[in-house]
Each structure stands twice: as structure tokens, then as C-alpha cells.
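There are 4 protein chains.
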Amino acid sequence: MTDQWNTAITEIEPNSVRVRGYDIADLMGHVSFGAAVYLILQGELPSQAVGRLMDAIVVSSIDHGATPPSVLSARTVASTGATLSASVAAGIMSINKHHGGAIANCARQLGRIIKRVGGNESALDQAAAAELAELKSNGQRMSGFGHRVHTADPRTSRLFELAEHAGACGEHVAAARAVERCFAKAGKKLPINVDGAIGAILADLGFSHAVMNGLFMIARVPGLVAHVAEEQDRMKPMRRVIPGQHKYDGPAPRSINDDKQ
Amino acid sequence: MTDQWNTAITEIEPNSVRVRGYDIADLMGHVSFGAAVYLILQGELPSQAVGRLMDAIVVSSIDHGATPPSVLSARTVASTGATLSASVAAGIMSINKHHGGAIANCARQLGRIIKRVGGNESALDQAAAAELAELKSNGQRMSGFGHRVHTADPRTSRLFELAEHAGACGEHVAAARAVERCFAKAGKKLPINVDGAIGAILADLGFSHAVMNGLFMIARVPGLVAHVAEEQDRMKPMRRVIPGQHKYDGPAPRSINDDKQ
Amino acid sequence: MTDQWNTAITEIEPNSVRVRGYDIADLMGHVSFGAAVYLILQGELPSQAVGRLMDAIVVSSIDHGATPPSVLSARTVASTGATLSASVAAGIMSINKHHGGAIANCARQLGRIIKRVGGNESALDQAAAAELAELKSNGQRMSGFGHRVHTADPRTSRLFELAEHAGACGEHVAAARAVERCFAKAGKKLPINVDGAIGAILADLGFSHAVMNGLFMIARVPGLVAHVAEEQDRMKPMRRVIPGQHKYDGPAPRSINDDKQ
Amino acid sequence: MTDQWNTAITEIEPNSVRVRGYDIADLMGHVSFGAAVYLILQGELPSQAVGRLMDAIVVSSIDHGATPPSVLSARTVASTGATLSASVAAGIMSINKHHGGAIANCARQLGRIIKRVGGNESALDQAAAAELAELKSNGQRMSGFGHRVHTADPRTSRLFELAEHAGACGEHVAAARAVERCFAKAGKKLPINVDGAIGAILADLGFSHAVMNGLFMIARVPGLVAHVAEEQDRMKPMRRVIPGQHKYDGPAPRSINDDKQ
Chain A
1 MTDQWNTAIT EIEPNSVRVR GYDIADLMGH VSFGAAVYLI LQGELPSQAV GRLMDAIVVS
61 SIDHGATPPS VLSARTVAST GATLSASVAA GIMSINKHHG GAIANCARQL GRIIKRVGGN
121 ESALDQAAAA ELAELKSNGQ RMSGFGHRVH TADPRTSRLF ELAEHAGACG EHVAAARAVE
181 RCFAKAGKKL PINVDGAIGA ILADLGFSHA VMNGLFMIAR VPGLVAHVAE EQDRMKPMRR
241 VIPGQHKYDG PAPRSINDDK Q
Chain B
1 MTDQWNTAIT EIEPNSVRVR GYDIADLMGH VSFGAAVYLI LQGELPSQAV GRLMDAIVVS
61 SIDHGATPPS VLSARTVAST GATLSASVAA GIMSINKHHG GAIANCARQL GRIIKRVGGN
121 ESALDQAAAA ELAELKSNGQ RMSGFGHRVH TADPRTSRLF ELAEHAGACG EHVAAARAVE
181 RCFAKAGKKL PINVDGAIGA ILADLGFSHA VMNGLFMIAR VPGLVAHVAE EQDRMKPMRR
241 VIPGQHKYDG PAPRSINDDK Q
Chain C
1 MTDQWNTAIT EIEPNSVRVR GYDIADLMGH VSFGAAVYLI LQGELPSQAV GRLMDAIVVS
61 SIDHGATPPS VLSARTVAST GATLSASVAA GIMSINKHHG GAIANCARQL GRIIKRVGGN
121 ESALDQAAAA ELAELKSNGQ RMSGFGHRVH TADPRTSRLF ELAEHAGACG EHVAAARAVE
181 RCFAKAGKKL PINVDGAIGA ILADLGFSHA VMNGLFMIAR VPGLVAHVAE EQDRMKPMRR
241 VIPGQHKYDG PAPRSINDDK Q
Chain D
1 MTDQWNTAIT EIEPNSVRVR GYDIADLMGH VSFGAAVYLI LQGELPSQAV GRLMDAIVVS
61 SIDHGATPPS VLSARTVAST GATLSASVAA GIMSINKHHG GAIANCARQL GRIIKRVGGN
121 ESALDQAAAA ELAELKSNGQ RMSGFGHRVH TADPRTSRLF ELAEHAGACG EHVAAARAVE
181 RCFAKAGKKL PINVDGAIGA ILADLGFSHA VMNGLFMIAR VPGLVAHVAE EQDRMKPMRR
241 VIPGQHKYDG PAPRSINDDK Q
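Chains as they are written, first to last, in this note's numbering: chain A, 1 to 261; chain B, 1 to 261; chain C, 1 to 261; chain D, 1 to 261.
Isolated chain A (complex conformation):
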């Protein structure tokens, strides 16, 4: 019996590290992290515009303050004296069906709408309506629409703008817009949210559903590191981490244009 196994991700040889065939030293300085993420997950380098879109996608989800369960579990674990890596891991473990999962769920549901259409573009709104009706009759909800806090999330329009520019908007984005129209017709204010937009765009870029939650993890780790570092730096051990009891005391609103960039 042989226990040999294969991997198609990275080839290590003396003085050479090649990701999907490309020397990392060549990638460094030439492609952004977003493009490298696309490469390692999809197997090919994206165009420059799609690389920038990938950066925008992960930037859009880098943090969402102190309310998500991933932050609360990471901080709770950190407060017991855990290491940075164990605390961040507890945050990652919180990214599941109900947290971050809307991305893949929305992509899957949009995929079902596309199947209903069967190539007939004009039937998109009908297909969306049929899907929503079926979801409702099954007691389910469409993922990726509406938001507890944000009614007009500026991240969403920005994402679609960049996706449009990158030529990345395909049938999933179209289906997402059809769903939005459907809701509007029914008098419901349920705009696409940032998860829905990411799900639609990633699906149009050809990402598998299985990996979409992974993109959310990639995006969110810097936020988790920042929260754990802040917990270790500013808070007393074993404090009670009360959700919603926090106040923001960081820099006041400022604009990119204010500074050198």
C-alpha cells in the first residue's frame, strides 16, 4: 500500500516556491493579494481589473465592528489568556452557515433561478418570482437581501460598479437584480446586501460554492487579528464580553483624499 498523495497548489523546490506554476518571487510586487487569492483558489491569474475587484471584495468584508459572533468568540477566548492564534481560530470557527454563509447560499439560490430561465433572458423576472414563491411556500428565505443595520449599503453599489468595470457581471448578478425588482414590486424594501453582492459576483467569476465561505474567512482574518490584539492590549482578563455594550472610540470619520494617497 502506498500513502503517496498529490497536491496541485504549490510546488516547493530548493530556492523556488511556485503557486499554481508561478514563482512567488515574480508574483510579489506584480500582483495584489486579491489577485494571489484568486490564483490560489481558481488556479489561474485574473485580469488586472478582476484582481482589483478581488481586492475590493476582501476589503469590503475586512471587519464589521464588534457585533459579529466571530469577534465575540475570538475576544471571549482571548480574555482567558489564550494565544493570538487560538483566539483568531475561535473567530474562524464561527464562520458557518449563519455567519458568512449568506454568500454561498445566495449564489446557490441565484443558480436555481438561472436554471429556471434556461437561457431565455426575458424570463428572468418570472423565474425570480417563481423561486421566491417556492422559497416562501417552503418556509425559507432568500439569502443576501436586506440587512439589519444597512438599508442602502454603499459597499454593495461600489462592488457592482467595480464588477461592471471588470466585465465580471454575468447571469448571477442579473438574477440578483431580478430578485431585487421582485421584492420592490411586492412593496418590500429588501435590496441586495454586501453578502448577496459578493455571492453573485463570485459565482459569475466561477468560484465554487464550497470555497465562498473561505473567501469570507480570508477577508475577515485581519479584523479578527485587530480585535484580539486590542482585547489583549486594552482589556482586563476574564472580563465579561457583553455584545452590543461597546462604543467606538477610534479616529473620527476621514476621507482618503485628506491624505497623500
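It is possible that some hints are incorrect.
[To be verified] Subject to a maximum C-alpha distance of 25 Å in a straight line, what follows is the list of computed BS3-like cross-link-like pairs (lysine-lysine): (1) Lys247/A <-> Lys236/A; (2) Lys97/A <-> Lys136/D; (3) Lys185/C <-> Lys136/C; (4) Lys236/B <-> Lys97/C.
[Claimed, not checked] Only part of the chain A face toward chain D is listed, based on derived beta-carbon distances under 10 Å: (5) Ser70; (6) Thr80; (7) Gly81; (8) Thr83; (9) Ala86; (10) His98; (11) Gly101; (12) Lys189; (13) Ile242.
What the hints contain is simulated information worked out from the structure, not anything from laboratory work. Just so we're clear, the structure is a prediction, and the values are computed from it rather than from any experiment. For glycine and all other residues, C-beta sits at the position ideal for the given N, C-alpha and C.
Position chains B, C and D against the provided structure of chain A, taking the given hints into account.
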């Protein structure tokens, strides 16, 4: 007793998500993920050149094939039927003192050399020699120099090139070079490795030691996601994940210049 | 909106800790850990015989040497310098559908056989045969029968002996025996294994399927603690943990009767 | 180079599983889980009285309601749709220096008092006073004394009673009592708490400090399983798990003598 607590990272308001004061929607498309990582950890936006350097740093550590313990534990956990997030978390939990830790250790040791110098540049080589001698007499080793596989890691020179260009090379990079000279004088081939280079550069950029291992986590998560996805996709459950028994069967070596980018 | 929530497990009051209504100080010295596990998961104290059976169940699964993925991931994480708790947690995270999961799977499948019988005891063998046929036609396997290493696992007969003595053998155990007869009739040597026996007994004791994998975790944590402690004590950091490359160098076989007990 | 490694915990052979030399099938039904835990961690079977003491120790820490950070992180992770094993693992990851750590800390501090005495029993109170004075001057606290909620924890006296009966009280327990006297003399009501009692007893039983936190994990896993199962069963996904906002709604206080046991 109040349980109110403060956080200075991200401010959430209806239709606004501000990281360290900047609206995420404005950051999207304008800054790369590397720059956003710098912002969320350091509190300020980097210059464009430093932003690109940050991308290069995280790209340099995005994956190192199937041998690191983080990959082996992530794949072992995945093989039991664990979710993507639990498997990736097991990988993150493997990033500690002995895996990824050389970055902060090297930065710390370079800091001690700098302290020895006390401002007198010309004394740098002497200070490095003194530090190495003390480490040796304590049975300790200098972190971030030499590598099991790579004798002349192209990632290292690329990192210094980009750091030079970004004006980011300061006294830690100078101290690292002094250590390298010291080793060479003693007839030892122990060049700065990629961890040592990152440690020196991050220290010169002002990152705290506490957060450096976090940067390695941020860099490595895409690799972990790719490995777990491959495990779930290609391997049988409950297989024995034998370290070192793998073969690369991905794309042949290719160059960025081959394609559209 | 209120965020109040309820829990029915343990009531804490000054100088009183009550688990499911019983003062822990009263339980201490009067009930074994196995009985306390039954109490906290089932809500009631077991009879003395069932308490002893519970101890036997968790003792039976306390460790299975250095081959299970839970041990390999715990040791791999430990080798990076992780804490005891992070390493043990990585082991726990490996207890899933394919590792430990046979307990609940077997219980579920036995439950389906019982449903087929519909009260008519004499039809049990027919029902078992029908279930096995259906599993086969769906490309599935019966969980909890046969073992890679053990053909006549002494733990299994011991468990049934103790379960018999405790009056705990019900229709699930009967169904498990019917499955065994079915396999034997077909000329297949697939005896009930330790997971199958535990699944059948726990189901007859009224444990929910959801909690069965938890019992395996409870049982296995001491083994994981012992393996991680040994790793930290005897092994070099960052060693390659090669599955199957280990040798046992502990005490020679000995018998309880040899000593004072 | 060989990658062979050794383990002294469990020997697996066809139809035989031996823990520290004893066949598990023989242990089952003859020793309680507490005794098996002692065996796997210490290498030898305990006397029956010490076996019962071990059960009492783990029973004493099986759960402490819904306030500890291990429960809060486990429930927070569970609320995102995580599996039982990932949620329990998040709980385990919370057992560190500040949560469960008092056991080993207290044992260590008592050990320092014993060293001060140097065999001269009568000097114990002086040694305890000296240790407390030194701790105070270093801005440190004695671990394992006093409790936020319990002023006269019935678990503590019960533990000492059982330890006395098992002949397990040695110099660490004596030192703990000396510390208590010291505090009393100074007019401070800081009785030994349950962690301090466990630390003193485990140290007298010869457990290493490194493994003591592991005993707390072993004890607490059933509680974590029960809390996660309850969360999955009774609560809505993504609810905010507010510490301290819970109410107990389980069985009313009842006594072991009420029932058949």
C-alpha cells in the same frame, strides 16, 4: 457596575462602515488588501509604495506547499468530515512560536542588536557579533536566518528590493544585514530567510511584535483554504495524511509574462 | 427587546452549585463521573448499574493509541508550540462524521430497522435484511460493524455484558444482533464493533443522536490530554508527526488482579 | 533519517487495546472513569479510594452554569451553525491561565511554600506568610483562594473530606490550610476555593503542573456538550449570547436520597 467597553477599530452606523475612520466603500477599489491590512492593524493608511510592499509580504507567505504543520493539521481535521471553517481554524491554531514565530523572534532579536548600538551606526557589526555570541552562550539561536530547503530564497531579495523602493528599510533591516555579514565572516552560510526579512521590514514599519504572527495568519489563510478545499475535493475521508509523501501535480512552471498581465 | 435566555443545566447560587437540581457537593463521592455525565446530558440520575455502564462506555473509548486523526492533529498542533488547551481542542475538532460518527450513524440505522419491524419482534431479522439491502442499493454501508484491526473486540462483549446486567439492552441492541446474524448468514465476518455497541446501548438508554458524538468527546479527552502532554514532554518541536510510524514503549501487559485493586 | 517515534500510552494489537499495560476490556466495569483518567495520566492504577477521589474531583468541575467564558464561547460558536465538535473545541480553547488555570497556579505557589519550609513542618505558617508577603510585594495574588460567588463552597470541604479518607492529603493540602490561616489572621475572608483544593490535592497525588489544566478540561467537557446541545436545541441561530442575562429553568432543588440511588 457598567460593562461598557470600547473599540477603536471599526465604526458601524446605518449605511456606513468605517475602518479606522475611513469608509470601507471608499477604500474599495482605491487600496489593495495589503494596504487595508496595514490600516486595520496600524491605524493609518500606508503610502502607495508601502501598500504594495504589504501586498508583497502577504503574497510571499500565501502558501508553502504541503509540508508545514498548519497544512497537515488542517487536512487531518478535514479528513474527518469537519467543515471548512473548523479545518482552517486547526491550521491557524498551528501558527505559534515554532511555526511562523520566527518573524517576531527575529524582529525582537534585531531590536536587541539596535539597543546595543545605541545610535552609533558604525558599531552595528560589533553589536550583531556580540548578540550572536550571547545567544550562543545561552544555547539559543538567531531566528530568521538559514533555511532547511532554500539557500538563496528569491522571495527575500524581492522583499528587500520592494522595501528599499518603498523607503521602508530602517535600522532593523540594517541589523539583519549585519547579522548576515557576521555569519559570513564566521564561514557560515546562513542568509536571511523570508521570515527574517519580513520580521525586519515589519519592525521598521513600526508593527508591534504581538501582531507579527497575525500577519503570517492573514497571509496563510488563502493557502489553508485551498488545501482544505483540495482535501475535501480529491481525497478519501479518514486517509492517513503522511507528511512528505506528497507529490505536486499542478500546472508546470510558467511566467507572469506569458499571459495578459 | 429582551436578551434574557434560559438554561436548564446548572443553577448557581452563593455556596450552591446544582446540576439538574442536585447539589454537586452531594454528587461528589456518591456518584461516579459516568453517572454524572448521564445526569448532565439526560437530566436524571441513572441507576447504579447504568451509572457503572456509563463509566464502562467512556472507559472503553478513552484512547485508541496514536493512529486516530484526533491524536495526530492534536500532536501536530502541539508540535508548533501550542498550549495544551489549543492542542486538545484540535483533537476535539477531529471528532466528526468519519471519526466517532459511527456511534450515532449506527444508532440511526438501527432505529430505521426498528421502525420497519413495527412492533412485530419476530420480523426483526427480515427488517435488518431489508435495511441492509436498501443501504447496499444506495451505495451506503451499515455503520458500527467490522473493524480494520479488531475481528473480535473484547470491548464489545464486555459492553453488552454490562448492559445486560444493567437491564439496558432494548430493541436497538436486539436490532444490532439481527444485523450481525444477517451478515453471518451472508458469509460476511462483520461483527458489531465498539462504536456500534455504544450506539445501540446509548440509543436504548434514550440518548439523542445529536449528543452521541459528544459522549465520544467526553471519553476521548483524557487520551488527548495524555498524548499532548507526552508530545510536549518527549518530542522535539516541529517534528514531522508521521502516522503509523510509532512504536509502543510503555508498560508491558499486566492485569488488574496483579495489584491491590 | 528515521521518523519513527515512541508512545507509552496505549498499545493496539488485533483484539487488544491496552492502556498503560491494562486491557481496556478488563478496566471496563472494574474501574470508574476517574480511576481510568488517573491511570492514563499518571501511568498507574490508583487505589479504590483515590479512584473515587478522582471521580469526585472531575464531578466537582463538571459545570458551573452559563457564566464561564468556555460556555459563552462554545455557545457563541454554536449559534453560527457550527458542529458540536467545533463548538465544544471553542470551549476547550477558553481553558487557559485565567480560566481553570488557578488549579496549576495554586499548586505551583503551594510548592514554593513547601520549599521554603524545607522539611520543618512547624515552620509552615511562617513560610506561607513569607510567600504571601513576597507575592504582594510583586503585585501578584495567591491563586485558589476566595471566590466571586461562593464564600463557603461546599465542594471544597467535600473534596478535602474525600481526600482525607483516601489518605491523599499531603504537604500541599497542609500548605493550603496554612495560607488560609494566614489570611484569617490578617482578617481576610479568603477561604480555599474549589480550584485551590483541586490544585493542592492533585499536587499531593503527584500530578505534574502541566497536566492539571488538562484535568479541568476532562471535567468540563460534559458541561460543554450539554450547553452546546441545549443551544442547538432551544435557541435561535445568531442570537446574541449575553453573559449574565440567563435564568435557570431546570429541575427544582432535589436530593440524591429522594430517589432509588
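Verification of the hints:
no. : hint                  : verdict
1   : Lys247/A <-> Lys236/A : holds, 17 Å
2   : Lys97/A <-> Lys136/D  : violated, 49 Å
3   : Lys185/C <-> Lys136/C : holds, 16 Å
4   : Lys236/B <-> Lys97/C  : holds, 13 Å
5   : Ser70                 : holds, 8 Å
6   : Thr80                 : holds, 4 Å
7   : Gly81                 : holds, 4 Å
8   : Thr83                 : holds, 9 Å
9   : Ala86                 : holds, 5 Å
10  : His98                 : holds, 4 Å
11  : Gly101                : holds, 7 Å
12  : Lys189                : violated, 21 Å
13  : Ile242                : holds, 6 Å
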